[in-house]
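Participant: Sequence:
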Amino acid sequence: MSRTRTERLVNLVICLLSTRRFLTAAQIAATVPGYEHDPDDARDHEAFQRKFERDKAELRELGVPLETGTASAFDAEPGYRIAHREYALPDILLEPDEAAAVGIAARLWQHAGLAAAASSGLAKLRAAGVDVDPQATLGLEPMVTVDPAFAPLTAAARDRREVGFDYRVPDRDAPSRRRLQPWGVVCWRGRWYVVGHDKDREATRCFRLSRVVGAVRVSGAPGAYEPPANVDLISHVARWSGPVERTGRATVLAAPGRAAGLRRWAVEVTAGPDGDRLVLPYADPDGLAGHLVGYGPDVRVLDPPEVREAVIQRLKEIAVRHDELAVSGGAR
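Residue numbers -25 to -1, 1 to 307, in mature numbering (1 follows the signal peptide of the UniProt record, and there is no 0), belong to the letters of the sequence shown in order.
Simulated from the structure, these hints should not be mistaken for lab results.
Using N, Cα and C, we set each Cβ at its ideal position, and we do this for glycine too.
Do not rely on the hints blindly, as some may be mistaken.
To be verified - Pairwise CB distance ranges, derived in the manner of DEER restraints:
id, residue 1, residue 2, range
1, G38, W240, 34 to 40 Å
2, G271, T(-2), 35 to 41 Å
3, W240, A32, 44 to 50 Å
4, R176, K291, 32 to 38 Å
5, E284, E42, 48 to 54 Å
6, A204, A17, 22 to 28 Å
7, A213, T(-20), 29 to 35 Å
8, T(-2), V206, 48 to 54 Å
9, A58, W240, 37 to 43 Å
10, R152, K26, 40 to 46 Å
11, D13, S185, 39 to 45 Å
12, W215, R29, 41 to 47 Å
Construct the complete structure from the given sequences, taking the supplied hints into account.
Facilitator: Structure follows, in structure tokens:
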């Protein structure tokens, strides 16, 4: 299944979950990105109908309980919705590492542009007078951002295409050009890295995404190379980055009962009337900030100023990225 179709199906599910009334095909077409067409053009409308029929069949094959019906006896055209009682899953108990993996996947899903498109679709439903249930959606608020190089590098690793980019290291003033056959992108100690075969050095290398300067240039045909079998990307990054000395100490205020991950990390916890003060060890303020912003309003930095400023800068970047995605989503 193509990424475009996957995004369309996800947004269709969000749309149908966000209201308890039946939505007609015309309402869905005007709401879900990927269904845009001219209803007065017979061929264009027929193409939409074929696409919509395929997507409905796909959802039913995936086990999504898609219902057909009408909101009232006066409706001439049938509509569609997802039965909440059949779609909801029972409570699932996850181990800490499993919960962490689900959290990362959710944040990546939001970054991939689906959240902006889905939010745009819900806004269109409200504008059309359709009641939207905010509790039925999948958590579309922005939580965390990743580096701009993330999307092109993950796509290149998936398609097995060579990339080129400018890379900045701390001990050099000017970035250097790199050519890489990416094997995958992984998160290590709060930072994102790409691992692959460096074409110029003819060796395995990993690069921190935050040090990639400018655009990632993709070249060559898909499937141009094959990564080593059973390669452990995390081990490559761990050996390259070396041990981290967390000599800094930051104090954050956590809302009662929230930020369980930070509480396990804290070396000191002090309860207070306005929340709990957690003392966190850290190696560099930017790395800690990237971790803290994922907790949203549940966590506020009290000290030191360098960490607080780093969090503020991250939040500004998130706001800019959110506005960019909202504009691109609204322009569809």
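Participant: Indicate, hint by hint, whether the structure satisfies it.
Facilitator: Going down the list of hints, with the structure as the test:
Separation of G38 from W240 is about 38 Å and conforms to the stated range, judged on CB atoms against 34 to 40 Å. Roughly 36 Å separates the CB atoms of G271 and T(-2), a value that falls within the hinted 35 to 41 Å. Here the CB-CB span from W240 to A32 is close to 47 Å, well matched to the stated 44 to 50 Å. At roughly 36 Å, the beta carbons of R176 and K291 sit within the given window of 32 to 38 Å.
Separated by about 51 Å at the C-beta atoms, E284 and E42 satisfy the suggested range of 48 to 54 Å. Range check, A204 to A17: Cβ separation about 52 Å, and the 22 to 28 Å hint is violated. At roughly 32 Å, the beta carbons of A213 and T(-20) sit within the given window of 29 to 35 Å. At roughly 49 Å, the beta-carbon separation of T(-2) and V206 lies within the given 48 to 54 Å, and the hint holds.
Between A58 and W240 the CB atoms are about 41 Å apart, so this pair conforms to the stated range of 37 to 43 Å. A hinted range of 40 to 46 Å for the beta carbons of R152 and K26 is consistent with their spacing of about 42 Å. A beta carbon spacing of about 44 Å between D13 and S185 agrees with the range 39 to 45 Å that was offered as a hint. The hint said 41 to 47 Å for the Cβ distance between W215 and R29, and at roughly 45 Å that hint holds.
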